[in-house]
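2 protein chains.
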Amino acid sequence: MTQIRHALSVTRDADFAAWYQEVISEAEMAEESGVRGCMVIKPWGYGIWERIQHLMDTRIKAAGVENCYFPLFIPLSYFAKEAEHVDGFAKEMAVVTHHRLIQDGKGGLIPDPEAKLEEPLIVRPTSETVIGQAMARWIQSWRDLPLLTNQWANVVRWEMRTRMFLRTSEFLWQEGHTAHADRDDAMKETLRALEMYRQVAEDDLAIPVVVGEKPENERFPGAVATYSIEAMMQDGKALQAGTSHYLGTGFAEAAGIRYQDKDGQQTLCHTTSWGVSTRMIGGLIMVHGDDDGLRVPPRVAPQQIVILPMLREDDGDETLLAYCEELRGKLAAQSALGEPIRVLLDKRAGKATQKRWTWVKKGVPLILEIGGRDAAGGQVSVLRRDRLWRNDGKVNFIAQGRDEFLVQAATELEDVQRALHGEAAERRNAQINRTITDLAGLEAFFAEDKRYPGWAEIAWSRPTGAALEAVVQTLKAHKLTIRNTPLDGAPVSGTCLFTGQPAVERIYVARAY
Amino acid sequence: MTQIRHALSVTRDADFAAWYQEVISEAEMAEESGVRGCMVIKPWGYGIWERIQHLMDTRIKAAGVENCYFPLFIPLSYFAKEAEHVDGFAKEMAVVTHHRLIQDGKGGLIPDPEAKLEEPLIVRPTSETVIGQAMARWIQSWRDLPLLTNQWANVVRWEMRTRMFLRTSEFLWQEGHTAHADRDDAMKETLRALEMYRQVAEDDLAIPVVVGEKPENERFPGAVATYSIEAMMQDGKALQAGTSHYLGTGFAEAAGIRYQDKDGQQTLCHTTSWGVSTRMIGGLIMVHGDDDGLRVPPRVAPQQIVILPMLREDDGDETLLAYCEELRGKLAAQSALGEPIRVLLDKRAGKATQKRWTWVKKGVPLILEIGGRDAAGGQVSVLRRDRLWRNDGKVNFIAQGRDEFLVQAATELEDVQRALHGEAAERRNAQINRTITDLAGLEAFFAEDKRYPGWAEIAWSRPTGAALEAVVQTLKAHKLTIRNTPLDGAPVSGTCLFTGQPAVERIYVARAY
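Protein sequences, first through last, are from chains L and D. The first sequence runs 118 to 630 under my numbering. The second sequence runs 118 to 630 under my numbering.
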């Protein structure tokens, strides 16, 4: 097999972290902004986020959840109560202390000492507290329940070590916040949101995930139960790609969220919260990217098909462009995966080969290159991004009749969507070790000197408190964490390899982002 | 004619400002957040914003403009240069000075003195500077032009006197920023954005607007030309509902936005920017609201039709709900105004009359009340929000056969859309005085002791510099401003009533928000 000359300078095998950065840069998804920890999300990266937003928001609305918008700033005093009551309260936040600038007399600007705020304002790290207060105002009786709200917003958590999409000081997300009459209804909503995240990951992003409950030590501070979807990256690490929390009545008590029930009694609400962020895009890259750049599943691709006319800056260009424009129109009039096909005719100046590699690196699912002779002969030259190379090391263009391609285009896109999921699922499943029964085995699995150790699925006794803390410390010594307990309800037997007690459930253990 | 008992406690005539606040509160659009100058946008208000976003974003994408996302924070030093060069640079901004909180030992939290930022960060009042710097990085050659970007984001400008939607410290908007090879292309884009705003205002929000150029003194600081759409509120004041700026090469020079032209020369780009904000919703209220609350044009209504079953909490409810659900399904399967009809079956507990008035105040275009007998007889009872009252002071419900209504529903919504625009245009046109030829006449028009003086359209000589400043001061004494010079190109004659020189164009003079 001939040596392939890949589009990126670094391969996943050589340096996964450097490869990740190169994909982001070469696919023109995002870049450093010059502001510490904040990124500029460029059109291709933002377009993917818009697709995720659209597909998730449709599900959010279908579930009867209503979007709202809450203030960017939260008064400092709102956090004082939380800091007292909640263990693990994070204090790394952006603090606004002044509301005006003045000239410093040396050509610069400084915060105006006369414009110091009486009470500092915090840039929201999450809107839990303000939304809780709003719910307390909005809910009077059982008729107002359930109250189902969601917000699409930017939030800020000061991070010392940042990595684009995965951990940035400012990030974009949605946060759902709901209030219910009782535990059952709140738990139903918690799991509905979790199932929605599973669908977005699996069906839209083509990322296979494990749906499960986080262990006690990994719960959202103050939550009664935290659930997550966990995805495996190509380096074998886990990424928590979305969480949903059942908060019990604790948050309702702190915010005073009460309702009059049918018997006239004042009763505390049960609340939930759930969120997914631009981190999901980091997962997309690390699951589907290859040594030629990104590969975007058609459902979340801002453009699904790009048509590249081989312009020659001569008289033939006009005929060629007309042919391409007609093709574009016919494709745009078709549907694939339940929506009109998103197709771009890239007429920009530049060499066709160079433009091709730009789109390969961006990971557009299908590329059509069309020259003057193709136009004359009613042909197209089709490149599937997930089948980029032939065995002989050449780019895998397939010549096809234009009408034949038009008939198959939707099916082809659906096939790319399925193929990317299949490939990721196969890889993940091959990298889950289900045979480990003792600590030595666990250590050996993760100690092996290979790049992709994957995950271990093991049986345990679900210890709590100090016993759990001992497990956490044992794992920490190997840089491992418990990801979650899968909700699939598969039977479990044997003993817990940490406590020696009878196992009651399984957990996934992995290194994680 | 019988006295009508309106749904609001304050009428427009009695107290326009109090009426405005009551509409916002009773239509459940927004409320004070407890954070100075920031509002909570509630589902109905946010739903309208989502509709505006959707309809405008479709046009933005169709024009080839790509959405990006830029950082919330901008380093202080970025503003120092702007403060030096730009007259009218606004300094009321939120300043972040610390990145961590610590406990103060007295149960409270304070900014950690150890976590003071080396350089303060400003919460973006607009993204002009960061986007300019990004453009300087992204643009190398003429092949990269035009560069067309847009951002949907929250921005903060510290305001001492706030009013919901119209002037808030934090608001939501879109900001378009584009770079071009020459003046002509930049001007074309400036006017394309302006025309897009006109369409959104007229076609979507049913708000008639005057499209024109702002006078020199009202230009965006640093702009070569600023254009606006101006709408007339029901109190006769003007509201600037959107602006588009041609920035020349000044901003490109400050940020270093240059390109290599086809001859290999480094050349400055010509840039534009354009924006519309949640302020538009304030305009919607003040143009279409009446003494019973809001009236939302169908195109931007989060729900266009609400079905209210008259539930009796007895055995008949099941049949009634099934009838309503079938009706809902049939309506949702239809299209009106180019999109699937948005219809809600409101099954919440509560008295039907109370629920009706909730929806009247929210201004949903069509309300269907359906009781058990209607269901049995295949009937519906239809209320058009824009024809709420009969002459005898009763609510204007019209009984109709269900099938007959289904056939007409789309047409009815289209008619409401048209009727609201027609009503607003008629009122506005009646309140524009085009007969004023001298200053005394202008003073008399605005001095008249009536609630709705409206606008004056007058001819002037387009003075600049000190001569313009004299006009501005004259108008200011009457709390008047020049809104814009209409671009309709109608001929003009006579002399300027300010300068006595030959008139060259017309301007609108008005009180404004």
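Keep in mind that the hints were calculated from the coordinates and are not lab data. For every residue, glycine included, the Cβ atom is placed at its ideal position computed from N, Cα and C. A few of these clues could be false.
Ranges between beta-carbon positions, derived for each pair [to be verified]:
1. 619(L) / 469(D): 54 to 64 angstroms
2. 546(L) / 229(D): 43 to 53 angstroms
3. 126(D) / 201(L): 55 to 65 angstroms
Discussion item. Hints numbered earlier in the text: which of these fail when held up against the supplied structure?
Written reply: As far as the earlier hints go, only 3 is violated by this structure.
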